[in-house]
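Visitor: Sequences and hints are given; from them, build the entire structure.
These protein sequences, in sequence, are chains A and B.
Residue 1 is where the first sequence starts when you use my numbering, and the numbers rise one by one after that.
Residue 1 is where the second sequence starts when you use my numbering, and the numbers rise one by one after that.
Just so you know, these hints were derived from the structure itself, not from any lab.
One or more hints might be untrue.
Just so you know, same-sequence chains aren't split out, so a pair can sit in one copy or run between any two.
Derived DSS-like pairs: lysine-lysine, alpha-carbon spacing no greater than 30 Å straight-line [claimed, not checked]: (1) 327 / 50; (2) 276 / 176; (3) 119 / 218; (4) 427 / 112; (5) 327 / 28; (6) 153 / 413; (7) 276 / 357; (8) 153 / 112; (9) 459 / 371; (10) 169 / 311; (11) 194 / 169; (12) 448 / 218.
2 protein chains.
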Amino acid sequence: MVDYIADYISNIRQNDVLPSVEPGYLQKLLPDSAPTDSVSFQQTMDQVEKAILPGITHWHHPNFYAFYPTAFSFPSILGSMLSDGFGINGLSWQSSPACTELEVLVLDWMVKAMEMPEKFLSSSENGGGIILSSASEASVMVLLVERNIAINKIQQEQPHLGSGAIVDKMVVYFSKQAHSSVERACKLSLLNYKFVATNDDEAMDVEDLSRIVAEDRKEGLIPLMVILAFGSTSLCAFDSLYEVGKTCLSLDVKCHVDAAYGGASLICPEYRYLLKGVEYVNSFCFNPHKLLKTHFDCSVLWTDNRIAASKTFSECPLYLAHDLESKTSELRNWQISLGRRFRALKLWFVLNMFGMKNLQESIRKHANLAKLFEVKLNQSEIFEVVNNVQFGLVCFRLKGNNEKTRQLLDILKQDHSIFLSPSILEKRDLFFLRLACSAHSTEEDVVKTYNKIYAAAEKLL
Amino acid sequence: MVDYIADYISNIRQNDVLPSVEPGYLQKLLPDSAPTDSVSFQQTMDQVEKAILPGITHWHHPNFYAFYPTAFSFPSILGSMLSDGFGINGLSWQSSPACTELEVLVLDWMVKAMEMPEKFLSSSENGGGIILSSASEASVMVLLVERNIAINKIQQEQPHLGSGAIVDKMVVYFSKQAHSSVERACKLSLLNYKFVATNDDEAMDVEDLSRIVAEDRKEGLIPLMVILAFGSTSLCAFDSLYEVGKTCLSLDVKCHVDAAYGGASLICPEYRYLLKGVEYVNSFCFNPHKLLKTHFDCSVLWTDNRIAASKTFSECPLYLAHDLESKTSELRNWQISLGRRFRALKLWFVLNMFGMKNLQESIRKHANLAKLFEVKLNQSEIFEVVNNVQFGLVCFRLKGNNEKTRQLLDILKQDHSIFLSPSILEKRDLFFLRLACSAHSTEEDVVKTYNKIYAAAEKLL
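Guide: Now the structure itself:
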């Protein structure tokens, strides 16, 4: 298996980035029921070659520019293997002390490496971090915790009010740049939400925020939380932690940062200007599984309200109790599931075996590729760049109406050798293409990709 | 790493099952910040030996009888490695068709292997399955989906009613045997819940259920769902799918089965008597990561309402849209997170490389160990068995008051060579010990464990 994986990655350029299978292809290639007798490893791998590989989209192909990258590295695989090798379930400190403690330790390492505020360190009075599956799960958890804190507070004074009736008055605020999972998290949590306007850089307009919150309060609604985008999915826009954070503080509304993609930038000093004001935010989530070479899933959430996060939904049936409970963190209480994998191992292997210097270089390299692509676009007569390219995402379109860019995407789709995803900026009615760089591409790859796109566009025009 | 894992498992008996570290031990052994330069694999493994291994609770030690087992097997590790090797994120069918399609296929395999009703097959009109992280996540998802379907239905007739105000009237029903995560899922979902009485076998009393639901309806409440325990955590009790399922149908209440532990039994024909009435239930969850040799996390959820499950919370931003959408399942919509690992690979490797016959033997072996332990207890004068031992869990105590059994547990705890967890049957005020068998123990291990416990008890008495 080790050889297969090494070969797969070494030879990944031999494949088109996108597969050419049709829905339902797999059931035609594999048996329709589980085998009664064992099938050998070799036979299983033959089926991998025949049936699985043709249906893989190659996320680590140099021409994969869709969505945002998901991380791949050998140190991460080693950590992941070891996690499976121990095969523990970290549902309590006692169920494998190393699982809880390494998670706490590496998240403290990350606080320091990213120069996040000390209030997020495990040694702080009420802060700390946890590894979750995704930024979506983080949004759901911070909303649910704040929702229930607010319910309890109100019910202490008005015990006759139903929880749901109270929640009907709660409102969460974010801009159209927020990830779709934020809207979904509100629906899952039964919370109302409102979109705040954005400025020309697509960052949240704090005057609009203040206005809406004040109006809502006047109408008897309960402003609960603002969720900031820090490297948004559509345009890689950054809300200002300083402006929004300070505004939230003055409005007495909690403030969560969804830095799923953008957060990893903060290991490089040159991006720390984006951190200005982070001391005002209450929680911060970023995904090492995007740019930090740690396999999906590894999403980090820090909060300055650890005690509430772990108490609001805690359950401790007798079979999980242990004698040292008062001295340990029980991370299960901050997440949806009871069971926990030993995910800290893969992040720890990555931080060790690369070291911060190499990880910084990798971040810089991917951002430089974006700059290179932006320069090429700006040198042309036909393209325009839609976003402020601060990090690894370039958003671009053909000048003129949207129809041309849609046609360009249709042409590019027919060729499975490049994979880009489209997006839209509603307020300016701009349809555009997203090129999200990864550390697997070289300058030559990006130039070739540009030339391919340019050639398709020229032909179209 | 492969060698390290093989050695670890081969030599696992050399360790005590429980570690002897104190909270905070790890930060004394490892650096307090991430390394700037890379640390070699060998140095990292030296730290594993020095700092991680001493803090591991050995879940695959033959004397691990706590909680319920979590699965370990080499085929599962191979599948997991390949999943990391491809390193894809299955957030849509297009993002790796094989990821969605293999998941659909192996869950169909399982429906057939367990003789579950055809309404759970992907080829059925409105049924299908998904792999989730845990039974907790499954409970949350089925509750959230039903909650929102019910809200929408009521709001169609009474559009002025707030969602929360409607939810304040909704009630979920289960017995005290339900897992703690079920209670927690209700709190996360903002749903009221009520405990239904149980009979002498700790199965749900359907007369009590009918009575409570009728009363609630009379009071204007909205009975939403009944959640059944199928191999409960405390006592391995089984609610009757037939009796409860039929009752739910007549009461017009949805019915979900949490078979996290017990579900795997159904691959053996001799346990299928427990399935009687399964055609009445609406959804069913079980964890291959407990007894089916597939590493945590791998929890299967089937529902007979696939379309609602995938539509209720679906979000499809433009960047996730693809041309073949109308023909594909988008499993992300049935779960909390957007991202999806390729977990079907490890289950598929397990089903292939063991084959159903060997998996059945493994289930039987673990259940026979429980029978053996039960016989030993029943032959003694001092112990009594608390549960009806139908599967792999034996619940036992010293005859007489609870204090003696508590003292016995305290003595056993001082010795880190056996790991059992306690539980309590509140309605009879019985404190007891749980011995959950695994496929890693032999008859000799179980007899030795019995002798050790007996010796400790004799000394105590």
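Visitor: Reference check for the pair residue 427 and residue 112, CA-CA at most 30 Å: within, between, both, or neither?
Guide: neither (38 Å within a copy, 51 Å between copies)
Visitor: Reference check for the pair residue 327 and residue 28, CA-CA at most 30 Å: within, between, both, or neither?
Guide: Classified as between; 16 Å across copies, 55 Å inside a copy.
Visitor: Indicate which option fits the pair residue 153, residue 413 if close means a Cα-Cα distance not exceeding 30 Å: within, between, both or neither.
Guide: Answer is neither: 53 Å inside a copy and 40 Å across each miss the 30 Å cutoff.
Visitor: For residue 194 and residue 169, with the copy left unspecified, which applies at a CA distance of at most 30 Å: within, between, both, or neither?
Guide: Answer is both: 12 Å inside a copy and 26 Å across each meet the 30 Å cutoff.
Visitor: If the cutoff is 30 Å on CA atoms, where do residue 119 and residue 218 land: within, between, both or neither? Let me know, please.
Guide: Cα proximity of residue 119 and residue 218: none, with 33 Å in one copy and 51 Å across.
Visitor: How would you label the pair residue 448, residue 218 (within, between, both, or neither) given a Cα cut-off of 30 Å?
Guide: Neither way: residue 448 and residue 218 sit 57 Å apart in one copy and 71 Å across, limit 30 Å.
Visitor: When no copy is named, should residue 169 and residue 311 be tagged within, between, both, or neither for a Cα gap of at most 30 Å?
Guide: both (24 Å within a copy, 25 Å between copies)
Visitor: Please sort residue 459 with residue 371 into within, between, both or neither, judging by C-alpha distance up to 30 Å.
Guide: within (25 Å within a copy, 75 Å between copies)
Visitor: Is it within, between, both, or neither for residue 276 and residue 357, if the alpha carbons may be no more than 30 Å apart?
Guide: within (23 Å within a copy, 61 Å between copies)
Visitor: Between copies, within a copy, both or neither: which fits residue 276 and residue 176 at Cα up to 30 Å?
Guide: within (22 Å within a copy, 50 Å between copies)
Visitor: Please sort residue 327 with residue 50 into within, between, both or neither, judging by C-alpha distance up to 30 Å.
Guide: between (52 Å within a copy, 23 Å between copies)
Visitor: When no copy is named, should residue 153 and residue 112 be tagged within, between, both, or neither for a Cα gap of at most 30 Å?
Guide: Neither: 34 Å inside a copy, 50 Å across copies.
Of the numbered hints listed earlier, those contradicted by the structure are 3, 4, 6, 8, 12.
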